[in-house]
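**Student:** Sequences listed follow chains A and B, in order.
The numbers in full-length UniProt numbering rise by one with no breaks, and the one at position 47 of the first sequence is 47.
The numbers in full-length UniProt numbering rise by one with no breaks, and the one at position 107 of the second sequence is 107.
No lab work stands behind these hints: they were computed from the structure.
Heads up, some of the hints might be wrong.
No copy is singled out in the list; a pair is fine if it fits within one copy or between any two copies.
To be verified - Derived SDA-like pairs (lysine to any residue); straight-line CA-CA distance at most 20 Å: (1) Lys142 to Asp189; (2) Lys30 to Ala19; (3) Lys142 to Tyr190; (4) Lys42 to Ser174; (5) Lys95 to Trp130; (6) Lys142 to Ala19; (7) Lys30 to Tyr48.
2 protein chains.
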Amino acid sequence: MLTAKGAATRDRIVAAAAAEIRERGISAVKLDDIGRRSRTGKSQLFHYFPDGKEQLLLAVAEREAEQVLEDQEPHLGQLTSWDAWAEWRDAVVEKYRRQGVHCPLGVLITEIGRHTPAAQAVTGRLLAQWQRRLESGIEEMKAAGEIRADVDPARAAAALIAAIQGGVAILMSSGSSTHLEYALDLCLDYLQLSTGGR
Amino acid sequence: MLTAKGAATRDRIVAAAAAEIRERGISAVKLDDIGRRSRTGKSQLFHYFPDGKEQLLLAVAEREAEQVLEDQEPHLGQLTSWDAWAEWRDAVVEKYRRQGVHCPLGVLITEIGRHTPAAQAVTGRLLAQWQRRLESGIEEMKAAGEIRADVDPARAAAALIAAIQGGVAILMSSGSSTHLEYALDLCLDYLQLSTGGR
Chain A
1 MLTAKGAATR DRIVAAAAAE IRERGISAVK LDDIGRRSRT GKSQLFHYFP
51 DGKEQLLLAV AEREAEQVLE DQEPHLGQLT SWDAWAEWRD AVVEKYRRQG
101 VHCPLGVLIT EIGRHTPAAQ AVTGRLLAQW QRRLESGIEE MKAAGEIRAD
151 VDPARAAAAL IAAIQGGVAI LMSSGSSTHL EYALDLCLDY LQLSTGGR
Chain B
1 MLTAKGAATR DRIVAAAAAE IRERGISAVK LDDIGRRSRT GKSQLFHYFP
51 DGKEQLLLAV AEREAEQVLE DQEPHLGQLT SWDAWAEWRD AVVEKYRRQG
101 VHCPLGVLIT EIGRHTPAAQ AVTGRLLAQW QRRLESGIEE MKAAGEIRAD
151 VDPARAAAAL IAAIQGGVAI LMSSGSSTHL EYALDLCLDY LQLSTGGR
């Protein structure tokens, strides 16, 4: 466990690394620059990240993953009305439109190694947290009678996560947000439809 | 334009390159091996692919992209009943489950350069063709009165494409097909729901 002061120093190092990566690109980042920016010496850097750059990149990836969820607040945490869902939908589209082809988390995951357990743990945790918040929102709307009884919150939340991931992947390759928007809209229409009869 | 014989030779070269890549991995592939396997000499290889390995990889990527659609036949071409849609859904899940984390097209696109215009043209064309076939299927079901009037076939087909892309991306990272399945099921449930009232 870190002391409060230790945690603050570690945060400062991770924030400095994230800023250096955004400004210079991941391949140009040097531990010296991160040390200068965070006002920490080499020995401090290695105290908090004994395994060096690799471990630091992973901490930055975790920070970027948290940012993905924070960028969706306050909407994601209070999906208790259709207006809130619509605002959340617009916030997601706007975030990824602004981000365009440059995904800070994607760059880090690629560098760490897409198929390494460490990278997969970071993305897996992000998707699980994201999905849980969507599931809570669907549950609340269901409890309020706004979503019909046959909708399974866990499955619908998983589908939403897949739809967003696919829409963002296409946006990053095509530059257009239409797939992301249509996918989100179809999921929300599905949730809003009033009957489950076929 | 190639003669019939020329086209057959070109196809043989591309097929040999695809097989070499699958067996040895893309970084180990040599033009000599491709020549030997396809029974073509260096001069013939350069006649059909004057720009060398890069151009050949692109041709292999186009072939793999066609394969993605062929793997979904005969279902994808005749989405004229809910049974056909269910069979198509199962074929997609089965294909990607079998494929697991190794996507032949993805490997090629990464090698060519994910953000190069040539690579983006291949994936863009694949998604557009795929989407068009889904759109035709939705249109036919609508004409037959099986899908309600408020469903927009183009938007629903785009949403399906995004859902599949996201589901497959998660499968490739997690090893599990549940996101792909839930995303496909939500889209199909959406199409099957009987009323558009909210």
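**Student:** Please go over all the hints and tell whether each is borne out by the structure.
**Tutor:** Going down the list of hints, with the structure as the test:
Within a single copy, Lys142 and Asp189 get their C-alpha atoms as close as 15 Å, and across copies as close as 18 Å, so both meet the 20 Å cut-off. Taking identical chains as interchangeable, the C-alpha atoms of Lys30 and Ala19 lie at most 20 Å apart only when both belong to the same chain, with a minimum of 12 Å there against 41 Å between chains. Taking the shortest alpha-carbon separations for Lys142 and Tyr190, both the intra-copy value of 13 Å and the inter-copy value of 17 Å come in at or below 20 Å. For the homomeric pair Lys42 and Ser174, neither the shortest alpha-carbon distance inside one copy (42 Å) nor that between copies (36 Å) is at most 20 Å.
Taking identical chains as interchangeable, the C-alpha atoms of Lys95 and Trp130 lie at most 20 Å apart only when both belong to the same chain, with a minimum of 15 Å there against 27 Å between chains. Neither within a single protomer nor between protomers do Lys142 and Ala19 lie at most 20 Å apart by alpha-carbon distance, with minima of 41 Å and 51 Å respectively. Proximity of Lys30 to Tyr48 under the C-alpha cut-off of 20 Å is restricted to the intra-copy arrangement: shortest distance 16 Å within a copy versus 45 Å between copies.
In terms of the numbered hints stated before, the structure departs from hints 4, 6, listed from lowest to highest.
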